[in-house]
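Asker: Each chain is listed here by its residues.
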Amino acid sequence: MLNSLNYQKKRLKLVLNVSFLLFALISFSSKKDVLQKTTLFETVMMETFVPIQRGISSVQFSIKSLINSYIANVNASKENVGLVKKVQELENEIFKLSEVSLENDRLKSLLEFRKKIPYETVTAQVVARDSHSDYKVFRVNKGYSHGIRLQSVVVTGKGLVGYVYRLTDHFSDIITIVDPEIKIDGMVQRIRSHGMLEGNAKSKMNMKYIPKNDRVILYDQIVTSGLGNIFPKGLLVGRVTKIEKEHFGITQRIEVTPVVDLDKLEEVLVLVSDIDPVKQAEWDVLDKQSGAEVN
Amino acid sequence: MQTNDLKSGLVSISLTLIFLLITDILFSSLLPLIGLGQFRFSLHILFILYLGLRIRTPYIAIFIFLIEYFHSIFTIEGWAMGTVTGILVCILISFVKDIIHLKTKVMTFLMVQLFQFVWFLIMGIMIYLKLDDMTYVWTRLVNFIPVSVIVSFLSPFVFPTLDRIWVSREDQILEGNG
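If you're matching them up, the sequences are chains A and B in order.
With the first sequence counted from 1, adding 159 to any position gets you the working numbering.
With the second sequence counted from 1, adding 198 to any position gets you the working numbering.
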């Protein structure tokens with residue numbers, strides 16, 4: 160009786176393991192790009208937990224200030240406690256003011272950039288990053304209700320950042336240009352040579368398929384070519400920081416460093432201009448096709 | 199009884215998921231703030247290894263899927279790769295489970311470290327098959343080594359917490375004896 164029960168449990172375990180393995184493998188292999196439509200459950204979860212992440216982010220300066228205060232006070236003598244405290248308060252005030260001033264500068268440059276580009280934009284604040292440092296992804300505090308859509312392009316005053324790959328009503332996840340999953344058709348601005356930009360997981364990008372005879376030089380600016388239907392033409396991506404030409408082959412290896420410091424982003428602009436009707440029609444057809452395949 | 203088994207397992211997995219959500223929220227928001235942005239990590243691997251090493255249940259595949267699905271809210275990686283890797287690692291563990299013990303902190307550390315390498319090996323193969331690019335796998339390995347050591351160091355402290363969640367119901371869960 161006991162053996163029979165154990166046999167049944169083992170058989171159940173085998174069936175569950177194989178079923179979930181197959182289910183996950185099919186899902187893994189059928190994932191063609193990084194775009195993810197959120198399910199109702201995911202939307203509820205994200206909408207619930209992201210405010211907590213944002214709350215934690217908002218205490219950033221408090222924590223920094225606390226740590227700085229602690230370190231500064233370790234060696235202070237008792238007689239100077241009052242004085243040190245007063246100085247600290249003033250320092251904190253200056254720190255806060257300087258942070259406000261820096262934030263103002265950043266927002267001002269974003270505003271100036273915003274006037275230059277022919278798109279409607281939404282300013283968003285970075286509230287969290289991907290839980291794995293292997294992925295160059297972050298989360299901002301604006302979403303569908305602010306006009307952001309899947310594949311909305313994200314920029315700063317300096318240049319291109321990435322695009323929206325997942326969103327809810329109030330939050331969006333941005334995949335950055337240095338993520339290995341992203342591929343951009345780029346162009347060397349000076350000589351108009353086209354190539355494919357791919358993230359290399361070292362916070363830089365590799366530019367492929369540039370013919371060896373094209374005279375690319377260090378610090379050449381790389382911009383988006385406008386091909387690929389996601390990124391508008393002419394957005395600054397980065398600068399050439401390494402060129403390798405080998406004796407064999409017909410192309411050269413080019414390393415591009417993004418102009419935007421993606422590890423220190425705090426505010427970004429999301430381009431939210433009305434979607435191109437042709438592009439929308441393409442999306443609709445693709446949606447219909449994928450729906451038919453599922454059915 | 200299978201129903202009781204699954205029911206008690208669901209209570210435990212719910213508590214584990216809450217634990218996972220708390221750690222994921224903290225690690226994805228707090229670590230970058232204190233200058234550890236380069237070493238962001240999650241404890242989802244640790245939770246799955248705990249299930250593999252400590253719990254005997256036929257429903258382990260469901261639990262792994264749930265952990266990975268909740269974790270996917272905080273990462274672009276999604277749930278599929280982690281689910282495949284987690285199930286394969288737990289199958290491997292089930293073959294050697296009876297000859298290893300986790301009675302000391304050192305042993306727990308070593309076992310978690312060992313199976314994290316197995317985890318990375320399987321995941322590396324999957325990434326290579328998908329991207330056809332070993333460079334990315336090597337880059338991830340460089341990041342994986344320090345992160346895995348931190349996770350292993352945490353294991354002797356996290357496992358007792360998970361014991362409280364799971365082992366109090368172990369009598370029922372062990373009935374699965376898978």
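Some hints could be false.
[To be verified] Derived DSS-like pairs: lysine-lysine, alpha-carbon spacing no greater than 27 Å straight-line: (1) B:LYS295 - A:LYS363; (2) A:LYS168 - B:LYS295; (3) B:LYS328 - A:LYS342; (4) B:LYS328 - A:LYS367; (5) A:LYS447 - A:LYS423; (6) A:LYS168 - B:LYS328; (7) B:LYS205 - A:LYS169; (8) A:LYS342 - A:LYS392; (9) A:LYS169 - B:LYS328; (10) B:LYS328 - A:LYS361; (11) A:LYS423 - A:LYS404; (12) A:LYS361 - A:LYS371; (13) A:LYS342 - A:LYS371.
Keep in mind the hints are simulated off the structure, nothing from the lab.
On a predicted model such as this, the values are computed, not experimentally measured, just so you know.
Asker: Evaluate each hint against the coordinates.
Answerer: Results for each hint:
1. For a cut-off of 27 Å, the pair hint linking B:LYS295 to A:LYS363 is broken: about 43 Å separates their Cα positions.
2. For the proposed pair A:LYS168 and B:LYS295, the alpha carbon gap of about 18 Å is at most 27 Å, so the pair holds.
3. Between the alpha carbons of B:LYS328 and A:LYS342 the distance comes to roughly 15 Å, so the proposed pair stays at or under 27 Å and holds.
4. Between the alpha carbons of B:LYS328 and A:LYS367 the distance comes to roughly 19 Å, so the proposed pair stays at or under 27 Å and holds.
5. Proposed proximity of A:LYS447 and A:LYS423 is contradicted: the alpha carbons are some 40 Å apart, above 27 Å.
6. Distance check on the hinted pair: A:LYS168 and B:LYS328 sit about 35 Å apart at the alpha-carbon level, beyond 27 Å; violated.
7. Restraint check: the Cα-Cα separation between B:LYS205 and A:LYS169 comes to about 18 Å, which is no more than 27 Å; the hinted pair holds.
8. Distance check on the hinted pair: A:LYS342 and A:LYS392 sit about 15 Å apart at the alpha-carbon level, within 27 Å; holds.
9. Between the alpha carbons of A:LYS169 and B:LYS328 the distance comes to roughly 32 Å, so the proposed pair goes past 27 Å and is violated.
10. With a CA separation close to 19 Å, the supplied pair B:LYS328 and A:LYS361 stays within the 27 Å bound.
11. Taking the CA atoms of A:LYS423 and A:LYS404, the gap is about 32 Å. The hint is violated against a cut of 27 Å.
12. Distance check on the hinted pair: A:LYS361 and A:LYS371 sit about 24 Å apart at the alpha-carbon level, within 27 Å; holds.
13. Among the hinted pairs, A:LYS342 with A:LYS371 is consistent with the structure: their alpha-carbon atoms are about 21 Å apart, no more than 27 Å.
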